[in-house]
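Listed below are the residues making up each chain.
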Amino acid sequence: MTAHFIPVKVHIKEQKQVFDRFGALWTPTQIVLDPDGEERHRIEGFLPVEDFLAQLELGLGKRQFQHQRFGDAERLFRSVCDEYPKSGGAPEACYWAGVAAYKNTNDPKHLGATGELLKTRYPDSEWARKASVWRH
Amino acid sequence: MPQITWQKDVDAALTQSRASGKPVLLDFSAAPA
Chain A
1363 MTAHFIPVKV HIKEQKQVFD RFGALWTPTQ IVLDPDGEER HRIEGFLPVE
1413 DFLAQLELGL GKRQFQHQRF GDAERLFRSV CDEYPKSGGA PEACYWAGVA
1463 AYKNTNDPKH LGATGELLKT RYPDSEWARK ASVWRH
Chain B
178 MPQITWQKDV DAALTQSRAS GKPVLLDFSA APA
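For the protein sequence lines, the chains are A and B, in the order given.
Position in the first sequence (first residue = 1) + 1362 = the working numbering.
Position in the second sequence (first residue = 1) + 177 = the working numbering.
Some clues are possibly wrong.
[Said to hold, decoys possible] Now the in silico label distances, taken between C-beta atoms and shown as ranges:
#1 A189(B) - Q1430(A): 39 to 47 Å
#2 D188(B) - T1482(A): 25 to 33 Å
#3 A196(B) - K1492(A): 36 to 44 Å
#4 K1465(A) - P209(B): 38 to 46 Å
#5 A189(B) - D1444(A): 18 to 26 Å
#6 G1474(A) - W183(B): 38 to 46 Å
[Stated by the list, open to error] Simulated pairs of lysine-lysine, DSSO-like, Cα-Cα distance not exceeding 30 Å:
#7 K1448(A) - K1371(A)
#8 K199(B) - K1375(A)
#9 K185(B) - K1378(A)
#10 K1448(A) - K185(B)
[To be verified] On the chain A side, residues computed to face chain B include the following (Cβ under 7 Å):
#11 M1363
#12 F1367
#13 I1368
#14 V1370
#15 I1374
#16 V1380
#17 P1390
Derived by calculation from the structure, the hints in this document are not laboratory data.
As the structure is a prediction and not an experimental result, all values here were calculated from the model.
Glycine residues also receive a C-beta, built at the ideal position from the N, C-alpha and C atoms.
Please construct the entire structure, taking both the sequences and the accompanying hints into account.
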């Protein structure tokens, strides 16, 4: 964890003002912040370990995407998509992996392939529906 | 599994974040310490 993040624990009884500052509605909540304090990803509610790790990596990917480092973003999203395929975050990660690949190459084949992958692997997910417009 | 050293000061962590380039992970908890 400390290899990738600077971890801060905020307890409701000790720092309620920090809850209010970041709009934390419930516990547990985890928020990934950029160095400028911008929120890049939010996880609300308890998750099993695999799901939690997938969400952390998804957050790292979103951060790279936001900074237009699309190759790094795709690698992180693809890792979640492939390494945690049963996690709740996997369909979203697969979707963003496709978007990052497209942004990195400007080749729309990545979007089409992502639409097909999501239709095959996660046909009932909202991410498959979002990607349905990319399928030919 | 290595022990995580959690900080408590968000703004100090953001200062470290700017120096290191690593993002901050805020963990909001109500669990007993």
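Right, here's what the structure says about each hint:
Our hint of 39 to 47 Å for A189(B) and Q1430(A) is violated, since their Cβ atoms are close to 29 Å apart. Hint check: D188(B) to T1482(A), Cβ distance near 46 Å, so the stated range 25 to 33 Å is violated. For the pair A196(B) and K1492(A), the supplied restraint of 36 to 44 Å holds, since their beta-carbon distance comes to about 38 Å. Evaluation of the 38 to 46 Å hint for K1465(A) and P209(B) yields a pass: the beta carbon distance comes to about 45 Å.
In this structure the hint that A189(B) and D1444(A) lie 18 to 26 Å apart at CB is violated, the actual value being about 36 Å. Distance hint check: the CB atoms of G1474(A) and W183(B) are about 44 Å apart, consistent with the given range 38 to 46 Å. Taking the CA atoms of K1448(A) and K1371(A), the gap is near 28 Å; set against the 30 Å cutoff, the hint holds. For the hint linking K199(B) to K1375(A), the alpha-carbon distance of about 27 Å falls within 30 Å, and the restraint holds.
A distance of roughly 12 Å separates the Cα atoms of K185(B) and K1378(A); the hinted pair therefore holds under the 30 Å criterion. In summary, the hint linking K1448(A) to K185(B) is not supported, as the alpha carbons are separated by about 33 Å, beyond the 30 Å threshold. This hint holds: M1363(A) has a C-beta 5 Å from the nearest C-beta of chain B, less than the 7 Å allowed. At about 4 Å, the closest approach between the beta carbon of F1367(A) and any beta carbon in chain B falls short of 7 Å, and the interface hint on this residue holds.
The beta carbon of I1368(A) comes within 5 Å of a beta carbon in chain B, closer than 7 Å, and the hint placing it at the interface holds. Satisfaction of the interface hint for V1370(A) is found here, the shortest Cβ-Cβ separation to chain B being roughly 5 Å, below the 7 Å cut-off. Against a cut-off of 7 Å between C-beta atoms, the interface hint on I1374(A) holds, since the closest Cβ of chain B lies about 5 Å away. Because the smallest distance between the Cβ of V1380(A) and any Cβ of chain B comes to about 6 Å, under 7 Å, the interface hint for this residue holds.
Evaluation of the P1390(A) hint against chain B yields a held restraint, the C-beta minimum of about 6 Å falling below 7 Å.
Hint compliance for this structure: hints 1, 2, 5, 10 are broken, all remaining hints hold.
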